[in-house]
Each structure stands twice: as structure tokens, then as C-alpha cells.
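Chemist: This is what each chain is made of:
Number of protein chains: 10
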Amino acid sequence: MKPTELTLLGHSENRLPASPDEATLETFPNCRPGRRFWITLDCPEFSSLCPVTGQPDTAHLVIRYVPGERCVETKSLKFYLASFRNLPAFNEEIVNRVLDDLITAMSPLEIVVSGKFSPRGGIQLTAEARYPEA
Amino acid sequence: MKPTELTLLGHSENRLPASPDEATLETFPNCRPGRRFWITLDCPEFSSLCPVTGQPDTAHLVIRYVPGERCVETKSLKFYLASFRNLPAFNEEIVNRVLDDLITAMSPLEIVVSGKFSPRGGIQLTAEARYPEA
Amino acid sequence: MKPTELTLLGHSENRLPASPDEATLETFPNCRPGRRFWITLDCPEFSSLCPVTGQPDTAHLVIRYVPGERCVETKSLKFYLASFRNLPAFNEEIVNRVLDDLITAMSPLEIVVSGKFSPRGGIQLTAEARYPEA
Amino acid sequence: MKPTELTLLGHSENRLPASPDEATLETFPNCRPGRRFWITLDCPEFSSLCPVTGQPDTAHLVIRYVPGERCVETKSLKFYLASFRNLPAFNEEIVNRVLDDLITAMSPLEIVVSGKFSPRGGIQLTAEARYPEA
Amino acid sequence: MKPTELTLLGHSENRLPASPDEATLETFPNCRPGRRFWITLDCPEFSSLCPVTGQPDTAHLVIRYVPGERCVETKSLKFYLASFRNLPAFNEEIVNRVLDDLITAMSPLEIVVSGKFSPRGGIQLTAEARYPEA
Amino acid sequence: MKPTELTLLGHSENRLPASPDEATLETFPNCRPGRRFWITLDCPEFSSLCPVTGQPDTAHLVIRYVPGERCVETKSLKFYLASFRNLPAFNEEIVNRVLDDLITAMSPLEIVVSGKFSPRGGIQLTAEARYPEA
Amino acid sequence: MKPTELTLLGHSENRLPASPDEATLETFPNCRPGRRFWITLDCPEFSSLCPVTGQPDTAHLVIRYVPGERCVETKSLKFYLASFRNLPAFNEEIVNRVLDDLITAMSPLEIVVSGKFSPRGGIQLTAEARYPEA
Amino acid sequence: MKPTELTLLGHSENRLPASPDEATLETFPNCRPGRRFWITLDCPEFSSLCPVTGQPDTAHLVIRYVPGERCVETKSLKFYLASFRNLPAFNEEIVNRVLDDLITAMSPLEIVVSGKFSPRGGIQLTAEARYPEA
Amino acid sequence: MKPTELTLLGHSENRLPASPDEATLETFPNCRPGRRFWITLDCPEFSSLCPVTGQPDTAHLVIRYVPGERCVETKSLKFYLASFRNLPAFNEEIVNRVLDDLITAMSPLEIVVSGKFSPRGGIQLTAEARYPEA
Amino acid sequence: MKPTELTLLGHSENRLPASPDEATLETFPNCRPGRRFWITLDCPEFSSLCPVTGQPDTAHLVIRYVPGERCVETKSLKFYLASFRNLPAFNEEIVNRVLDDLITAMSPLEIVVSGKFSPRGGIQLTAEARYPEA
Ligand SMILES: [Ca+2]
Ligand SMILES: [Ca+2]
Ligand SMILES: [Ca+2]
Ligand SMILES: [Ca+2]
Ligand SMILES: [Ca+2]
Ligand SMILES: [Ca+2]
Ligand SMILES: [Ca+2]
Ligand SMILES: [Ca+2]
Ligand SMILES: [Ca+2]
Ligand SMILES: [Ca+2]
Ligand SMILES: [Ca+2]
Ligand SMILES: [Ca+2]
Ligand SMILES: [Ca+2]
Ligand SMILES: [Ca+2]
Ligand SMILES: [Ca+2]
Ligand SMILES: [Ca+2]
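Chains as they are written, first to last, in my numbering: chain A, 1 to 134; chain B, 1001 to 1134; chain C, 2001 to 2134; chain D, 3001 to 3134; chain E, 4001 to 4134; chain F, 5001 to 5134; chain G, 6001 to 6134; chain H, 7001 to 7134; chain I, 8001 to 8134; chain J, 9001 to 9134.
Bound conformation, chain A alone (with noise of 0.2 Å):
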């Protein structure tokens, strides 16, 4: 399977960011800071490496936050997820390095990130870590 010619079509957007570190959570100003309200990002198509055996594992994530000044901007969003396909990460890291990196790069009032990932050995395990603290 040759596909080299077709991804002659591909375009500025074929860099996939080799790690979290490398991607860029990119922000835009909040259209109304003076309101409390919930903007909920559900990103069905996460997957990561296992840390022990090297094998793909993919999870369901959903973000939940009350954008302060900021909103994370979805594309951005999508890169820096896409970030993660080739680390070893254990599954309650993913979920709390998401959670800590939008903290950081938009001061949300209040965010949820839950991690729900796909069976092995016959468990499947969520995680889910809040900021602040309930």
C-alpha cells in the first residue's frame, strides 16, 4: 500500500506534535466573562500507549469547564489529544495531566476532566479528576 501520492493533497496541518510538551493549547477571549455558564468537550476518539506492554489504549474523555477569561480553542484541542498517541502513560496521568494542563493554559473557574478507557483483562477503568476540589 503506496499512499505517498495522495498525501501530496495533505496541506499544512501534517504535523501531528510528537508529545504533550510539544503541542499548544491555543485560547480565544471568552464572548461573556461575566457570566457563569458550562461548555462541555466530548472527545470520543483519545488513544495513548500502555506504559507496561507498549500496546495502544484508547478512552473516551470528556472535558466539562466554566470558561473564566479564556476558552480553549477546539482545534488546538484536538492537536494537543492527538499528542498524546505515542506516550506511555498510565491512564489516571492522562486524565490529571489534561486536566492540569487546560488549568494552565486558560484559568477556568471550574473544570471536570473524566477518562473512560476501553476494557483490558476484563476491567475497564474510568478516572475522573476536578478542579477545584468538591
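To be clear, the hints were calculated from the coordinates, so they are not data collected in a lab. All values reported here derive from a predicted model rather than from experimental measurement. Take the hints with a grain of salt, since some may be wrong.
Derived DSS-like pairs (lysine-lysine); straight-line CA-CA distance at most 27 Å [as the list claims (entries may be wrong)]:
1) I:8116 - J:9116
2) B:1075 - D:3116
3) C:2078 - D:3078
4) E:4116 - B:1078
5) E:4075 - D:3075
6) A:116 - F:5075
7) C:2116 - D:3078
8) A:116 - J:9078
9) F:5078 - A:75
10) J:9078 - I:8116
11) F:5078 - A:78
12) G:6075 - D:3075
13) I:8078 - H:7078
14) J:9116 - H:7075
15) J:9078 - J:9116
16) D:3116 - H:7116
17) G:6075 - C:2078
18) C:2116 - B:1078
Start from chain A and add chains B, C, D, E, F, G, H, I and J with the ligands according to the hints.
Modeler: Just chains B, C, D, E, F, G, H, I and J with the ligands now, with coordinates in the frame of chain A:
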């Protein structure tokens, strides 16, 4: 495809407001102004334009409110929502504007507006705003 | 289609009250008047007429209540709800009237009435009223 | 409840045919008379009267057909179906009559009518008839 | 609401074809021209205008085909479908035209197009056409 | 995030084939070679790269086959499917290649491969190929 | 619990046939004896006794038939099915007997009876019989 | 149908208590008497007789409780519930009596009993009672 | 945890066959040997051991058959299926062996056995075998 | 069935602990010990033996906890849960023991364990325990 003959059947309803600014949210008296009760309006066919790409966005809007002295008339609401059809607008702005316009039109005691937008790039965004804030 | 022969089989139940004013909500003694418990009546077949177009509206009504000294008899409730069949009435009025009539008939300690009306013009309306107010 | 004032808003649509005999199924030319294709009309709000008890029956009707030279106009279909509202009729007769009336009105190449009636006494009846017979 | 500043972010994609006549269905070579296999394109966000009332209609379109020498490119299909957005067109015509246009564009060995339109007046219409006829 | 210490726990499984060309589909003898029976392998976690944008695609693959003399070993299938992870490939090519590779590996009597890819731009593509052709 | 006072409200329906032998399946003339159409009767509340343990069994029965000259009357069917209530009978016998009794009562052109029994010991049994055999 | 031969297989369980008064709710010691935990018993096969018509009623009962010193034994609960089978009883009485009998039998710290009865005349009744009252 | 006192309640059923070779599939005479009808046995609680890892596998087995002269007795089937509990066996072998053993035990006219095994490593396997072959 | 040859493929994992007393719940350091977040472990394949009949019981266990200094390692949890496989144990004891053992192993800040057991005799039992008590 020439549906001109058939549009002769069209009647006076045949005008889509060009934008929310040109639309009118009509109201009628609340039948039980002294009782605090909830009305939910489920609007699964909302559509607008993405301000970045110019392509259509679609959403499922849900409006819940406790009427004050007046209720919104659903046919005028249908025209009002249709007026976003060719408007470039961000998801968050749409939800907040519908909330603001309904507050202006009918002074509800309480109101919640949510918009669940169709996924783009593997991410699905929902925004929810309310008045007064919780 | 002449079903006259078959209606000869009809018996004394064969009278539909012409309006809620002509219907009677019968009650019977609560079997545990000293205990605060909930009864839910799920009525998915409600129908009335739209007061603007004269066309049928249909709704799924749900009645939840904590009985006081008496409970509503479900067969009389069926006749009562059927009496709205040819009545032009707004969605919000129906829900509030059913609430009022049930309060009058049986003096419940608590009661909630909701009506989920079929969509019209792409918008689906649900109204919910309760006594006493929350 | 005196909705008389509000019905003043009613317009010319405000006439419900008293029976199917008084209703008209209007048709319009099939846009592709040379192509054999299917149209499905899903009608979840049908209601009639039980010829034995005089009480309302409700049903979910589904009409599927391959048009010949003409298609049924859906607004006239809505009025036609509403005309059964106060007609005492057995479930089986309703489904067969709707089939017969649609055949007469538009001479479809093929047509199936099913009616799923709400349960009575713990038994739920569905009838389905087609033309031509399989 | 003045999103003008943000639309500066818009790029060259920012042109919605005014009608299907102005849209182009691009194709690319079938990767297995000698194998008879099925491709399904699920398009839940279709919208057009009702030719009678001028109001928006929405539909869920599904396209299934066995490619011949060429496949339809999904981004051009997205633009093509978006071009119906401001076109007054009957439900049956839309389904048949999409079928005809896809046959013209890529000469599939077999193709089925269905459109499930949102309910109007309590009736929901679905149309399905195929080539070659069964 | 420095998971290096934890990856020390990793064992010999810790090698993801760089592409399908480097992966091996292992097989084992069919336990009932004389009986025509079906095996279904449901693989909801497939991922590859879009050859146009370089971004991840995800899909739900389903493989159904009637084994001949040999069956595919599911752990090797897992590694084989994981080898598409960083490969730019069109949806249609993936489904056809998986079909071809499984035919080569185990000579099934009959086999069907389908891939349901996550939506992009409001359109969701599914491809399905089989051997021998119907 | 002494509901004797309330049973005074009971009327002539107050007799449950002691067994299917004592019940009568009444019929009425088929409204379209010349058309081959299907009637489905969905009976989710069936109950009998296990002949081994004497404990209640419950089942969801579905009866589908093409009427000949006569249809089964659903109220008599309700009484007939209720007559199995205190009868010890094996699952397979029930389904076959209901089939036989309906054939005897109304001579349908075609009929299928299925019974989905509630699980016992982790196994759930469904039996389905038809006439004439496929 | 003469299942007498097969009932010879029946054993000592072959006695259905004639009424709840004749049934016994057996209990066994709570394994963690010092911990406040919940047990839910889902009983979808309940049946009794309507005191007005003498016809069978069916219901889905759910019992939730926090055990005190003792738990109810589920096999004796099965026999107890089966003892309502030929008892004429109103829906509300059944739910309240089951609650009362379980309180008497095992003195739970907290208990909720709900019964969802099958629809009659288009209305479906659910009753729910608890101890101690909320 | 010392459940010894409670096991004193255990009776003669307290023996799990150590393997399918030690289990017996009992049968009883078919009540309608001259009629071709289907019996479905849904067994969602099957468990065995993985022959590679020694860990438990679980599966949902479904058995469908047309009885000949005899039917399988469901309690003996429960014991037979439980006898796989500590047997190392491949998924495909289990389904084929259950098919073979049931053919031997009752000589059905037709039989289908399917087993849907719980996912392992992100892949879920289902096997289905039938007699006679289609 | 002689799977002996294939078990030669088995490796060191091939030991199922004979009881929970012989199993070990391994833990690893919590990656965010200062943050209060939830981990959910969904375990649908649990099985044990009924202490009364000796027959298998199956259950869907769900474990939710807020980690303290350590998290439970899911592979050791899988082995621990599998160790109940041949243990006679009451439903309520299982849920309480899993709770106790997890508290001992990792000292969580908060933990909830529920077990939904498969129905027996028409009754389905669920038990749920938590620490600290609500
Ligand atoms: Ca955004
Ligand atoms: Ca008032
Ligand atoms: Ca309104
Ligand atoms: Ca009542
Ligand atoms: Ca034509
Ligand atoms: Ca039409
Ligand atoms: Ca080819
Ligand atoms: Ca394509
Ligand atoms: Ca295998
Ligand atoms: Ca006839
Ligand atoms: Ca009938
Ligand atoms: Ca118990
Ligand atoms: Ca026979
Ligand atoms: Ca049997
Ligand atoms: Ca920390
Ligand atoms: Ca873990």
C-alpha cells in the same frame, strides 16, 4: 430542478428573517402567572454557519424556563431560530445570545439554554448557560 | 365503513364526557393515610385540539402525587383525560388545569403534572407544574 | 377554562373533517415517475374511537409506498388521518381502510400500511396490510 | 453580535456553493476497481428549504454505493450537500437528485440514497431511491 | 510527565510493528476443519492516520469469516491492527487491505471485513468488502 | 388486608376460567376476508405454573396470524390466556397448545406463536411454533 | 393437555402459599451488622388479581433496604411474593403491605418498595413507599 | 469469611461436574414430535478458562434448535454448561463441542450454537456453528 | 476435547489463586496524592459459587474510589476477583469482603463497591457498600 411552479403554493409565511436582529420573539400572557412552573422547548433542528470555515454547523438546542408574566410563542421562536441559519457565529455565542434574547423578550423568572453541536474533528461541544446564575 | 352493527355491542361506558367540566374525577380512601408515599400515573395517550389551528395535539402526561385522605380512581381519570379530546386548549393550560382539577378532587399532600407534547414545526414543548411550589 | 378569545387567532385551517368520507387525500405529480422508489410516512399520533366502549384508541401508523404517477400530499394526509378522530372503528378496519383509500387516491405501484395500537387489557394489537399481496 | 473580527480567521474554505448546480462532486480512483464492495456515507446534518413555506427542512441522508472506477471524495460531498441549504426543494426531489448527481459524478455499480426528514405536522417522511432498480 | 520508571515494568511485548508490512498474522489449526462455521472478531479500537491531514482516524472494525484449515490468532491480530496506527491510509484501502491480508494468512472459505470510521465534517464513512464476492 | 368491601365493586367480568379447557376463544368476521394481511397480538403478561416446582412461570407471548374468515376477539383472548394462570404446564406445551387452540378457533391462513419465558437458573427459554410449517 | 405424568417429577417445593398470610419471610443474620449498606431486590414477575374485575394484574416490584441485624432470604421472598398470585388487591395496598411485612420480618434500618404495574386502559400506575419517611 | 455454617443449608444439588465428560445432558419427550418448531435457550452466564493464560473467560451462549423426538432438559443443561467452569478450552472448541454434545444427546432436526466471548486485548470474538450446515 | 498441546503455550500467568486469602492486591503510588479524584473499575465478569446449591453465581461488580497514597493495580485486581471463582459465598458477603480487602490494601479516602448478581428464581439482587458510610 425547477420547483418554481410549486412555490406558487407558498403563502405569507414565506419569509425567513435574515438574522436574529430582524426576527421578533412574540409572547403571550402566562396562563398561571402566580405559579412557578417549567416549560421546556426542545429544538433539534438548529443550524448556523461556522465563522471560521463558512460551513454549516448544526445543533440540538434545549430551552427550559419558568415564565413570569409572559410566555414565548413557539411559532415566532421557530422563525427566530431559523434566522441564525446564514449567520456566522461561534457555538458559545449562540447559546448566550439565545439566552439573552429570551430574557429580553419575556423576562422569565428562571431560564436555561443548552446547545449540543454536531462533532467536528472528533470533538463535540455542548454549551449551557442560565439565568439567574446558580 | 359502517360499524353500526358492531357498536350494538357497546355498553353503558359508551359516553365520552364532552369536556373536563362535564367529567368527574372519582376518588377512593387512601389505604395508608398516615404514610407519605408516591403514586405515579403514566398517561401516554392524551389528546386535545390546538386552539389556533383546530388540529389534534397529542401528549404524554405524567402525574405524580403523595395522597392525602383520598386517591384518584384510574378509570375516572381515563374518562376525565378523554374529555379534553375535542377541547381547544393551549399546552400550558392543559398541564395547569389537570393539576388544579386533581388538587380539587383529592387534596393531595404533593403533586406534579407534566405534559410532553408532540413536536410541531420542529419544536417539542413540555410543561411541568407542581403543588406546593418547590 | 375559556380559550374562546385565543381561538380568534385561528385561521382557515380550523376545520377538522368529521369523518374519512368527508376528507380529501390530495396528490401531486411524482417527480420521477419512471423510477421505482419508496416513500415512508411515519404517523405516530393517530387516534380513533373504540366501537365497543366509545373510548379513544391511539395508534402509530406507518405508510410505505412506491408512487405511480402521483404522490399523496402530506398536509391533506394529516387532515385525512385526523378525520378518524371521532369515528368508532375496529383496529383491523382502520388499517385496511387507510390502505384502500390511499390506493384509490394515488394508484401506487406498491403500498404497505401498518397500525400499532396502544395496549388494552394487557394485549397490544398491530395490523399490517399491503397491495399488491405478497 | 459582531463576529467580524473572528471571521478574519476564516480561510479559503469560506465559500458555500449557492446551489447544487454550482457545486462539484470530486472523485478519486477506486483502490480496488475489480472488487465489488460497499461504501456507506452517513450524513445526519442535511438541510434545505421547504418550497411551500420557505422554512428550513432538515434530514438525515444515507448514501450506500458499490464503486465502479471512481469514489466520491467526502469533502466535496460535504460542500455539495451544503449547497442545498438555501434551495427550496421537495423531499422526494432531494433524494432523487442526490442519486442522479452521484450517478453522473462517479458511475457507481450500485447506489442507494435515503433521506429521513424531520417531522412536520405529526408526520415524518422518508424517501429512498436506488440504481439500478431492484 | 516522566513515566520512565514505570516503563521498566514493560516486558517483551513492548514492540509495536511499525507498519502492516512488518506485522505477522499468526494462525492455528481450525478445530473443526470439516464444518462450515462463522467466527466474528469485533475490534472497536482501530486507529490510523488520515493521508491528507496527517491527523488520527479511528474506526470500529468487524471481521467475520468461515475458517478453512486455519484460524487467525487474536493476539497477533491485535498487533497487526495496531501496526496501522502511524500509517497514512484511506478508509477504503484499510478495509480492503485487511481483507486481503487475512485471505493470504489463513485462506478462509468466506470472509467479510467492515470498518465504521468516526465522522469527519459531519459525514461518517463505512466500508465493507467480502470474499468471495456475493 | 381485607379487600372484601372493594370487590363489591366487581361486576360480571369477575370470573377467571379455571383452565384453558373452560375458556372460550370468541371470534368475529374478518373485515377483509379476501385480503391476506397480518395481525400481531403482543401479550407480555402471560403466567402459568411450573409443573416440576409448582412455582409461577411468566412469559411474553406474541401471536401473529393472517386471518381467514374470522379474527380472534382480544377480550376473549385475554380470558383464555389468563386461564393458564394456575395450570402446571411445560413451556413448550404452552406455545404449542396456544397455537393449536387458535387454529381450532379461527382457522387462520397462517399463524406463528412465540413465548419468551423468564430466566430460571441462568437460562432463558423461548419457543416458537407456526402453521403451516415453513 | 395432561401434564400429570410430568408433575411426578415435582418435589417438596410444590406448594404455593394461598395468600401472604400463609407465607413466611425467612431471614438470616446480616454479615456486616455494623455497616450501613444497601441491598436491592429486583422482582419483575409479580402478579396479583384486580379486586374489581378479578383479572390478573402484573407488576415489576423493586425492594431496596439497609439491613439491620437480619436480611431477608430470597427464596422465601419468592414464595411470599407468589402468594399474592390469587389475591384480589389494589396496587397501592400491595406496595404498602410488602413494605409493612418486610419491616416486620427483618427490622431494616431503611427500606423502599416500589411497584410498577402494567398499563390498564392506557394508564400505567407506579406506587412507591418507604420507611422511615423522608 | 467462613460460610461453613451456611453451607449446612446446602442440599443434594451441591455437586458441580468436574468437566463436560462427567456431565449428563438429560432429555424428555418432545410434546409435538410431528411439528417443526424452534426452541431457543439463552445462557448469558457461561464461563471457562483460557487455555493459554489459565484465567477465566466468560461468554453469552445461545442455543437454538428444532427438536426431533426429544428435548434437552434445562436443569441438566445448566449443570452441563457449569462443567466447563474449570476447563481450559479455546472459544471455537467450546462452541463446536456444545453443538456436538447436544446433537449426540437429543438428535435435533436442526441446531445452531453461538458463543459471544468477553473482549480480550480490545478484540471480542463470537463463534457460531450449526447442524446441518446451511 | 484435548487442549493439552495448546496449553503448552501457557506461561507463568497460568495460576489462579485458590481463594481471596491466597490472592494479593498489589498497589502503586497515586500520581496525584494531593488531589481528590475518582477512579472507577467496572468488572462485568465476576463469578463465585452459591453456598447453598454449589452452582455458579455471576455478577457485575463496580468499584469506585478516591485514592489516598496508593492505587490498586488492575492486573492484580483481576487475579484477586478470579480467586472467588470456586469459593462458596453469599452475595452480600462478597461485596462487603471486596470493600474490606480494598480498604486494607490501599487505604482509599473514599470507596464504593456494588455487585449486581444475575437473577435466580425471578429475583435479582444487588448489594452496595461504601466507606466511609454516608
Ligand atoms: Ca470553542
Ligand atoms: Ca396564577
Ligand atoms: Ca407556547
Ligand atoms: Ca388507584
Ligand atoms: Ca421518472
Ligand atoms: Ca410529499
Ligand atoms: Ca480491483
Ligand atoms: Ca472517500
Ligand atoms: Ca482465535
Ligand atoms: Ca375481503
Ligand atoms: Ca381484534
Ligand atoms: Ca439474601
Ligand atoms: Ca407431534
Ligand atoms: Ca425444556
Ligand atoms: Ca498531588
Ligand atoms: Ca490502575
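Chemist: Each hint needs a verdict: does it hold in this structure or not?
Modeler: Cross-check of the supplied hints:
The hinted pair formed by residue 8116 (chain I) and residue 9116 (chain J) meets the criterion: a straight-line CA distance of about 20 Å does not exceed 27 Å. Between the alpha carbons of residue 1075 (chain B) and residue 3116 (chain D) the distance comes to roughly 31 Å, so the proposed pair goes past 27 Å and is violated. A distance of roughly 26 Å separates the Cα atoms of residue 2078 (chain C) and residue 3078 (chain D); the hinted pair therefore holds under the 27 Å criterion. Taken as a hint, the residue 4116 (chain E) and residue 1078 (chain B) pair is honoured in the structure, with Cα atoms around 20 Å apart against an allowance of 27 Å.
Between residue 4075 (chain E) and residue 3075 (chain D), the direct Cα distance comes to roughly 36 Å. Violation of the 27 Å bound is thereby established for this hinted pair. Taken as a hint, the residue 116 (chain A) and residue 5075 (chain F) pair is honoured in the structure, with Cα atoms around 23 Å apart against an allowance of 27 Å. Between the alpha carbons of residue 2116 (chain C) and residue 3078 (chain D) the distance comes to roughly 20 Å, so the proposed pair stays at or under 27 Å and holds. Proposed proximity of residue 116 (chain A) and residue 9078 (chain J) is supported: the alpha carbons are some 18 Å apart, at most 27 Å.
Under the criterion of a C-alpha separation no larger than 27 Å, the hint pairing residue 5078 (chain F) with residue 75 (chain A) is inconsistent with the structure, at around 30 Å. Restraint check for residue 9078 (chain J) and residue 8116 (chain I): the C-alpha separation of about 20 Å stays at or below 27 Å, so the hint holds. At roughly 26 Å between alpha-carbon atoms, residue 5078 (chain F) and residue 78 (chain A) fall within 27 Å of each other, so this suggested pair holds. Proximity of residue 6075 (chain G) to residue 3075 (chain D) is assessed by CA-CA distance (about 36 Å); at most 27 Å being required, the pair is judged violated.
Distance hint between residue 8078 (chain I) and residue 7078 (chain H) is fulfilled; the C-alpha atoms sit about 21 Å from each other, no more than 27 Å. A C-alpha spacing of about 17 Å is found between residue 9116 (chain J) and residue 7075 (chain H), which places the hinted pair at or below 27 Å, so the restraint holds. With a CA separation close to 17 Å, the supplied pair residue 9078 (chain J) and residue 9116 (chain J) stays within the 27 Å bound. Distance check on the hinted pair: residue 3116 (chain D) and residue 7116 (chain H) sit about 23 Å apart at the alpha-carbon level, within 27 Å; holds.
Using a Cα cut-off of 27 Å, the hinted pair residue 6075 (chain G) and residue 2078 (chain C) holds, with the two alpha carbons roughly 19 Å apart. Between residue 2116 (chain C) and residue 1078 (chain B), the direct Cα distance comes to roughly 18 Å. Compliance with the 27 Å bound is thereby established for this hinted pair.
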